[in-house]
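**Student:** As they're listed, the protein sequences go chains A and B.
Residues 1 to 183 in UniProt numbering are what the first sequence spells out, letter by letter.
Residues 1 to 86 in UniProt numbering are what the second sequence spells out, letter by letter.
The set of hints was computed from the structure by calculation and includes no laboratory data.
Be aware that one or more of the hints could be misleading.
[To be verified] Quick look at which bits of chain A chain B covers, simulated, 3 or more residues with Cβ under 8 Å: (1) 8 to 20; (2) 27 to 33; (3) 82 to 91; (4) 105 to 113.
Backbone N, C-alpha and C define an ideal beta-carbon position, used for all residues, glycine too.
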Amino acid sequence: MASRIPQFNQQVLYDTTPLPDSIPKVKELGASSAPLMSAAYFIGARCRDYNDDFMQCKNENPGKGEFECLKEGRRVTRCARSVIADINKSCLEEFRKHWTCLEDNNQQLWQCRPAEWKLNKCVFENLGLKKEIPDQPPNVTPVHLRKQMIYAHWPIPRSAEPFVPPTQTGDNNKAPAAASSSS
Amino acid sequence: MPVPFEALIPYAIIVTMFGVTGAGLSAIKTAQNGGKKARWSLDTWDRVLMDRDRRLTGWLRGQTDAADAPYGFEYNNPWRVEKRFS
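Please model the complete structure; the sequences and the hints are all you need to start from.
**Tutor:** Here it is in C-alpha cells:
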C-alpha cells in the first residue's frame with residue numbers, strides 16, 4: 001500500500017471502474033475550498049454528530065478506515081451537501097460575497113469579518129444555524145465578534161456591526177445582546 | 001545655486017528599475033492566479049484542497065459553490081504511478 005506520498009511519478013492512472021452496486025450511490029459535494037471554508041461552521045453546527053461518528057470510526061480502524069467507514073462517510077457527505085444546498089437556496093448573494101472575499105485573502109477568516117457577519121445573520125434567520133467556536137473562555141468576546149482584527153490588512157468600517165444571535169436561555173423574543181467588546 | 005539634477009539621474013534609474021521588477025513580478029503572479037492574489041504559506045491540507053479544486057473546476061484557483069459535483073468528478077482522482085527502481 002502507499003507508505004509514502006509518490007514523489008517521482010511520471011505517469012498517472014485513472015481507474016474508472018465504478019463502485020459495486022451493493023454500495024449506495026451518493027453524489028459528491030461540488031463545493032470547492034473557499035465556499036467550504038465559508039460554510040464550515042454551519043456544516044459543523046448541523047452535522048456535528050455525523051462528523052464525530054466518522055472521525056471515531058476512522059480512529060478505531062487505523063489503516064483500514066477507507067473500507068470500514070464507508071457508511072459514516074456517506075452520512076457526512078449527505079449532511080454537508082444538504083447544508084450547502086440550503087445556503088445556496090436562501091443566502092446565495094451573501095455567501096458568494098464572503099467566499100469571494102476569502103479567496104482574495106488567502107482564505108483567512110479574519111480579513112473578511114463584515115461579509116461574514118452579514119452571512120451569519122442571513123443563515124441564522126433562514127436556516128437557524130449559528131456559528132460557534134467551541135471552547136472559548138466565557139468572559140471574553142469571541143474572536144469572530146470583535147470589531148478590531150489585529151492582523152487584518154484593512155480596518156473594519158465603523159458601520160459594520162457584528163451579528164450576535166439571540167441566546168437560547170429564556171428570552172428568545174428579546175433583541176440580541178449588544179456585543180460587549182471593551183478590549 | 002541650482003540643484004545638480006544630473007547627479008541624481010542614476011539614482012532615479014535605480015529606483016525605477018526596482019519599481020519595474022516589483023510591478024512585473026506582481027503582474028506575473030496575478031496573471032498566474034487568474035486575477036486573484038497569490039496564496040501564500042500553504043500547507044499540505046491547502047495543497048490537497050487546491051488539487052481538489054483543480055479536479056472540480058479545471059484550474060488551480062477555480063471555485064464553485066454547487067452542491068453537486070460535476071459528472072466525472074468521482075473518477076478523476078488519479079493514482080500516481082512510479083516506476084520501479086531495479
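**Student:** So which of those numbered hints doesn't the model satisfy?
**Tutor:** none
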